[in-house]
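*Asks:* These protein sequence lines are chains A and B, in that order. According to this note's numbering, the stretch in the first sequence is residues 1 to 447, in order. According to this note's numbering, the stretch in the second sequence is residues 1 to 262, in order.
No false leads were slipped in.
Keeping only pairs whose Cα atoms sit at most 27 Å apart, straight-line, the calculated DSS-like set for lysine-lysine is:
1) B:Lys129 to A:Lys162
2) A:Lys88 to B:Lys22
3) A:Lys162 to B:Lys108
Worth flagging that the hints you see were computed from the coordinates, not collected in a lab.
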Amino acid sequence: MNWLQVLQDPNTQWVLAGCILLGISSGVLGSFAFLRGRSLMGDALAHAALPGVCLVFLLTGSKSIGFFLVGAAISGLLATYCITMITKHSRIKEDTALALNLSVFFGIGIVLLTYIQHSDSGNQSGLDKFLFGQAASLVGSDVNTMIAVSSVLLIITALLFKEFKLLSFDQGFGKGLGFPMGFLDGLLMVMLLMSVVIGLQAVGVVLMAAMLITPAVTARYWTNKLSTMVILSGLFGALSGAFGTLLSTQIQNLPTGPIIVLGSTTLFLFSLLFSPKRGILFRFLRFMQVRKKVLHQDILRSLYDVMEDSKKENSIPASFFSVERLAIKSGKQAQTVEKALRTLLKKGWVTQDKEDPQKWGFNQKGLHVAHSLVLNQRLWDLFQMHEQNFHGYTIDQSEEEIIPQLNGVQLEMMLKELEHHNMTPTLVAIQSYKIANHTPDQGGVTA
Amino acid sequence: MGIAHPDLPLSIRDITVAYQKKPVLRHVSLDIPEGRLIGIIGPNGAGKSTLIKSIQGLVPAASGQVSIYGKPFKEQRKLIGYVPQRESVDWDFPTDALDVVLMGRYGKLGWFKRPSKRDKEWAMECLSKVGMADYSNRQISQLSGGQQQRVFLARALAQEAQIYFMDEPFAGVDAATEKAIIQLLNDLKAQKKTVLVVHHDLQTVTEYFDYIVMINKRLIAAGPTEEVFTSDNLQKTYGGRLQFIGEHTAVHTDTNKKGALV
Numbered sequence: 001m002n003w004l005q006v007l008q009d010p011n012t013q014w015v016l017a018g019c020i021l022l023g024i025s026s027g028v029l030g031s032f033a034f035l036r037g038r039s040l041m042g043d044a045l046a047h048a049a050l051p052g053v054c055l056v057f058l059l060t061g062s063k064s065i066g067f068f069l070v071g072a073a074i075s076g077l078l079a080t081y082c083i084t085m086i087t088k089h090s091r092i093k094e095d096t097a098l099a100l101n102l103s104v105f106f107g108i109g110i111v112l113l114t115y116i117q118h119s120d121s122g123n124q125s126g127l128d129k130f131l132f133g134q135a136a137s138l139v140g141s142d143v144n145t146m147i148a149v150s151s152v153l154l155i156i157t158a159l160l161f162k163e164f165k166l167l168s169f170d171q172g173f174g175k176g177l178g179f180p181m182g183f184l185d186g187l188l189m190v191m192l193l194m195s196v197v198i199g200l201q202a203v204g205v206v207l208m209a210a211m212l213i214t215p216a217v218t219a220r221y222w223t224n225k226l227s228t229m230v231i232l233s234g235l236f237g238a239l240s241g242a243f244g245t246l247l248s249t250q251i252q253n254l255p256t257g258p259i260i261v262l263g264s265t266t267l268f269l270f271s272l273l274f275s276p277k278r279g280i281l282f283r284f285l286r287f288m289q290v291r292k293k294v295l296h297q298d299i300l301r302s303l304y305d306v307m308e309d310s311k312k313e314n315s316i317p318a319s320f321f322s323v324e325r326l327a328i329k330s331g332k333q334a335q336t337v338e339k340a341l342r343t344l345l346k347k348g349w350v351t352q353d354k355e356d357p358q359k360w361g362f363n364q365k366g367l368h369v370a371h372s373l374v375l376n377q378r379l380w381d382l383f384q385m386h387e388q389n390f391h392g393y394t395i396d397q398s399e400e401e402i403i404p405q406l407n408g409v410q411l412e413m414m415l416k417e418l419e420h421h422n423m424t425p426t427l428v429a430i431q432s433y434k435i436a437n438h439t440p441d442q443g444g445v446t447a
Numbered sequence: 001m002g003i004a005h006p007d008l009p010l011s012i013r014d015i016t017v018a019y020q021k022k023p024v025l026r027h028v029s030l031d032i033p034e035g036r037l038i039g040i041i042g043p044n045g046a047g048k049s050t051l052i053k054s055i056q057g058l059v060p061a062a063s064g065q066v067s068i069y070g071k072p073f074k075e076q077r078k079l080i081g082y083v084p085q086r087e088s089v090d091w092d093f094p095t096d097a098l099d100v101v102l103m104g105r106y107g108k109l110g111w112f113k114r115p116s117k118r119d120k121e122w123a124m125e126c127l128s129k130v131g132m133a134d135y136s137n138r139q140i141s142q143l144s145g146g147q148q149q150r151v152f153l154a155r156a157l158a159q160e161a162q163i164y165f166m167d168e169p170f171a172g173v174d175a176a177t178e179k180a181i182i183q184l185l186n187d188l189k190a191q192k193k194t195v196l197v198v199h200h201d202l203q204t205v206t207e208y209f210d211y212i213v214m215i216n217k218r219l220i221a222a223g224p225t226e227e228v229f230t231s232d233n234l235q236k237t238y239g240g241r242l243q244f245i246g247e248h249t250a251v252h253t254d255t256n257k258k259g260a261l262v
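Put together the whole structure using the sequences plus the hints.
*Replies:* This is how it looks when you write it as structure tokens:
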């Protein structure tokens with residue numbers, strides 16, 4: 001079959017619609033569960049839904065999602081209640097309470113399921129699909145229920161977005177404002193449960209947690225804004241839903257639910273590695289860049305320092321210094337220092353001694369760069385050592401440079417203090433350092 | 001008990017709070033005068049935070065009544081601003097500084113409504129009052145501890161309250177933030193607002209606060225700082241731990257005319 005034919009098949013359309021809806025609603029609600037640190041709650045709710053579904057089937061003999069919703073909701077709520085009570089009235093922590101309940105409810109569910117399968121009601125086939133889900137069994141009425149439920153969920157989320165944000169970020173503050181945080185928490189839990197229940201038939205008890213959490217975690221990699229994150233999470237859920245459905249219609253014997261989960265996991269892995277802000281790759285690259293920058297700055301400063309020392313000690317100061325001397329000064333290995341010097345050479349900041357290429361010194365440009373670095377460093381040192389003297393200065397200590405944060409008077413004052421503490425960098429005349437124009441003029445004193 | 005005086009911003013009667021059956025705060029009754037900067041002091045575990053939380057109904061009180069300007073707390077909630085401890089939230093939450101400050105408007109907005117443009121302008125103004133206007137779009141995890149604290153203060157300002165409760169706003173902040181906060185507190189005081197601050201640095205008590213409440217699981221003393229901040233009361237509040245604070249106490253004995261402690 002080609003794609004067009006597949007999409008014209010009404011059965012596929014139902015399944016596709018169902019899986020996309022499911023992806024959206026579980027992605028959106030999963031975001032809040034994830035941010036509330038309740039990632040495992042979805043898993044517990046899904047497992048706890050199983051005995052409810054089985055009981056409803058035993059009592060009514062019907063296999064409609066509507067009935068199952070009620071049963072799953074009741075047993076899910078019971079599980080939530082148990083978890084809350086155990087956490088509240090014993091010393092058992094929430095993760096342990098979750099684990100206890102999840103397995104007990106699931107155990108009961110399996111017992112009931114086995115009983116149903118061995119009974120002779122004749123209508124039981126398909127119920128075991130709730131374990132791993134079977135999207136292909138979705139029919140029109142199921143999808144209608146899913147549409148109704150997920151619309152309700154999305155509308156409530158849109159209406160109470162601000163309240164849910166408050167709940168997820170700062171419950172205590174919200175309570176202080178007068179919002180009933182307990183009620184909102186309960187409501188969110190019920191909504192989470194509803195999105196779990198509509199997913200049971202397609203994805204199954206075991207995999208449902210992935211539908212809730214994976215899109216949310218993935219979305220977090222791409223944004224720092226809650227609204228964007230929630231929308232992205234819904235989108236990722238929908239994408240994986242569509243991907244799973246379409247792939248499993250194209251290739252024989254591919255289960256839809258697990259493919260949906262694998263699809264969303266692929267999105268997650270991609271984000272984990274390649275997201276520009278939080279992804280591993282870019283973080284690693286940024287880290288390497290910073291390391292290199294710090295190394296270069298260290299070498300420039302060390303060279304400046306040894307030059308300054310030499311100027312103090314000798315009447316005829318040296319201009320070029322051996323790698324070993326720099327290595328000792330900077331506390332790094334000679335190899336590292338030499339490599340860095342070669343890079344700096346390419347940048348045109350340092351030069352080799354013409355008579356002894358093992359020795360290194362600044363050229364004019366490099367000296368000014370190093371001077372700015374040293375001055376910045378010493379101003380920071382001064383600021384941190386005598387912070388009280390500089391109150392009223394609005395200094396952001398997380399910034400790298402201090403000079404742009406000072407006004408003319410403050411800079412002058414700090415330069416005076418530097419002089420006073422004998423910390424003034426002496427290789428370029430201080431006067432040449434213009435406040436308005438941070439590149440010093442060329443009249444500096446070279447060693 | 002009768003109805004509390006309508007001029008009193010805060011009046012609490014016989015508050016007892018119990019966690020796990022054990023009372024952590026017993027029979028606290030207090031009348032707080034208007035327009036004061038009030039320090040709540042006491043040793044670790046004395047119930048300082050518990051007191052301001054129970055006043056606001058954030059932890060259930062086993063007994064007691066709270067009235068705000070003569071009316072029950074619940075009717076007067078909009079008059080209250082709150083700065084929780086900074087550690088109480090996850091700062092990696094996907095939001096920026098301005099958005100956090102906007103949360104201060106949620107109480108006035110009520111259910112369903114979104115913050116308007118005016119709310120946003122007001123939130124920006126609150127951010128600039130704490131010197132954070134340049135950081136409004138900064139993701140909150142990228143703020144320093146002091147900056148996070150200032151965002152929390154701005155959020156409380158956005159509430160436009162009459163009475164503020166602040167839970168250790170000076171804990172772990174840099175010198176600049178400490179100055180900004182104390183400046184802000186004095187501004188609030190000048191506007192006749194009442195500010196209650198949980199504080200545990202005894203050295204700065206006389207400098208910062210003009211009224212103090214001393215507690216250690218029960219109320220020890222409450223009143224203007226110069227009358228109440230005495231070595232005698234400190235002894236009662238801090239018990240055996242007083243030796244620790246001996247030198248700080250000695251510093252203050254000049255102003256309160258009590259004998260120096262050894």
